[in-house]
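Enquirer: Once you've looked at the hints, dock chain V against the given chain X.
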Amino acid sequence: MTENEGKVKLLGCWASPFSRRVEMALKRKGIPYEYLEEALPNKSPLLLELNPIHKKVPVLVHNDKILPESHLILEYIDQTWSNNPILPQDPYEKAMARFWAKFIDEQILTVGFRSLVKAEKGREVAIEEAREKFAFLEKEVTGKDFFGGKTIGFVDMVAGSIIPFCLARLWEGMRIDVIPEDEFPELNRWIKNLKDIESVRECIPHREKQIEHMMKVSERYKLA
Amino acid sequence: MNQEEQVQVLGLWGSPFSKRVEMVLKLKGIPYEYIEEDVYVQKSPRLLKLNPIHKKVPVLVHQGKSIAESLVIVEYIEDTWTTSYPMLPHDPYERSMARFWAKYADDKVMSTLWKACWGPESEREKMVEEAYDGLKYLEEELGDKQFFGGETIGLVDIAADFIAYWFGIAQEASGVMIMTAERFPKLQRWSQNFVRNNIIKEVLPPKEKLMALFKAQFGNNASNEA
Numbered sequence: 010m011t012e013n014e015g016k017v018k019l020l021g022c023w024a025s026p027f028s029r030r031v032e033m034a035l036k037r038k039g040i041p042y043e044y045l046e047e048a049l050p051n052k053s054p055l056l057l058e059l060n061p062i063h064k065k066v067p068v069l070v071h072n073d074k075i076l077p078e079s080h081l082i083l084e085y086i087d088q089t090w091s092n093n094p095i096l097p098q099d100p101y102e103k104a105m106a107r108f109w110a111k112f113i114d115e116q117i118l119t120v121g122f123r124s125l126v127k128a129e130k131g132r133e134v135a136i137e138e139a140r141e142k143f144a145f146l147e148k149e150v151t152g153k154d155f156f157g158g159k160t161i162g163f164v165d166m167v168a169g170s171i172i173p174f175c176l177a178r179l180w181e182g183m184r185i186d187v188i189p190e191d192e193f194p195e196l197n198r199w200i201k202n203l204k205d206i207e208s209v210r211e212c213i214p215h216r217e218k219q220i221e222h223m224m225k226v227s228e229r230y231k232l233a
Numbered sequence: 208m209n210q211e212e213q214v215q216v217l218g219l220w221g222s223p224f225s226k227r228v229e230m231v232l233k234l235k236g237i238p239y240e241y242i243e244e245d246v247y248v249q250k251s252p253r254l255l256k257l258n259p260i261h262k263k264v265p266v267l268v269h270q271g272k273s274i275a276e277s278l279v280i281v282e283y284i285e286d287t288w289t290t291s292y293p294m295l296p297h298d299p300y301e302r303s304m305a306r307f308w309a310k311y312a313d314d315k316v317m318s319t320l321w322k323a324c325w326g327p328e329s330e331r332e333k334m335v336e337e338a339y340d341g342l343k344y345l346e347e348e349l350g351d352k353q354f355f356g357g358e359t360i361g362l363v364d365i366a367a368d369f370i371a372y373w374f375g376i377a378q379e380a381s382g383v384m385i386m387t388a389e390r391f392p393k394l395q396r397w398s399q400n401f402v403r404n405n406i407i408k409e410v411l412p413p414k415e416k417l418m419a420l421f422k423a424q425f426g427n428n429a430s431n432e433a
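Protein sequences appear in the order of chains X and V.
Residue 10 is where the first sequence starts when you use the working numbering, and the numbers rise one by one after that.
Residue 208 is where the second sequence starts when you use the working numbering, and the numbers rise one by one after that.
Treat the hints with care, since some could be wrong.
Computed list of lysine to aspartate or glutamate pairs in DMTMM-like fashion (alpha-carbon distance at most 25 Å, straight line) [as the list claims (entries may be wrong)]:
| id | chain 1 | residue 1 | chain 2 | residue 2 |
| --- | --- | --- | --- | --- |
| 1 | V | K352 | V | D314 |
| 2 | V | K322 | X | E129 |
| 3 | V | K262 | X | D191 |
| 4 | V | K256 | X | E137 |
Hints are computed from structural coordinates only; laboratory data are not their basis.
The shape of chain X in the complex, shown without the other chains:
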């Protein structure tokens, strides 16, 4: 018990889905923490000190242990505080959770944001490509309340920090509907379920603020 006490600090950014998902986990497990906002894109001396290799948020500090990378932080939190488990116990289920989390961050974010914003082959093609990826998630969540089953888990936090808030608000700003309800009924149902969860709801960035932010980020990305 004593090991789990002690100070938890989170260096994050209000608009970052990676940072928000860590907050979801901390809130879900009822872990008190001190939150430090990074005024990105400027990087504070503290961030550069805590994460010299990647220079990114989130970074978790637990007592004197420093940990970057949201997936690693989520797993660490889960192993250190055992209430309200985030990852399944079964090795296969755990492997699948890790697989989906990787897929979401690497593939869904890439097509849901990068490919869409650059739209090298045109917007319609980009949307179609995105829908092909989302179709896998639609299948995965079919018949379940959440990706984690009856309660939210690792994949819900990873997907939940990206799809309904970060990406949805980008799409709203671009005036497109990438996952319409008639084509993606299960995903849309999952999004509704998510919003009922307090630890998720508390981590949703302000809508207009985030739309504005996502449009700015996409402009920067287009010019890069």
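Expert: Frame of chain X, contents of chain V only:
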């Protein structure tokens, strides 16, 4: 559940990703059936069924279930066969740091090394710079340990397999010299320890075959070097 139930690995003879899975199975003494998938020629219906999302090897099949992505597979093996040859430390923080370095070697370092050898000419200088930086961090992390895992091979060593073996051959094939003994003495020592390990060396693909493959696929860039 009977864990001795047949394990199958769908792999590719020359792939460092595929070999990671075989290395871990062999280190843990887990028997398995290996199935070669010549993904460059034709992706078999079996592969497409077992890994419909990425359509890639390696894929592990165990107890009727399939798992893709080499490091996800390695962690699955670790979680399932818990008594032999642990690949990760016990302590949650140490485990996280091992995963951090494994991801770093796999994600960042491997891709920059590859692009430094064979990426577009315009990007190559930048990739060489990044490759040096990446290797420097790994050199520092390794320190005086025999392996990244300490006295035995661990997750990070497995994730860095490309750096230990494939990259040396890639350097020879492309003529781009980045990881030299002078610049990275610790990594050099480590890579020799790794490839000479009795179990690892059984798994590694033959050097001549890899050299021929690299030269055929990417040509020789030596003439382009300034």
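Enquirer: Hint by hint, say whether it matches the structure.
Expert: Cross-check of the supplied hints:
1. V:K352 / V:D314: holds, 22 Å
2. V:K322 / X:E129: holds, 23 Å
3. V:K262 / X:D191: violated, 28 Å
4. V:K256 / X:E137: holds, 22 Å
Hint check: a violation occurs at hint 3 only; the rest are consistent with the structure.
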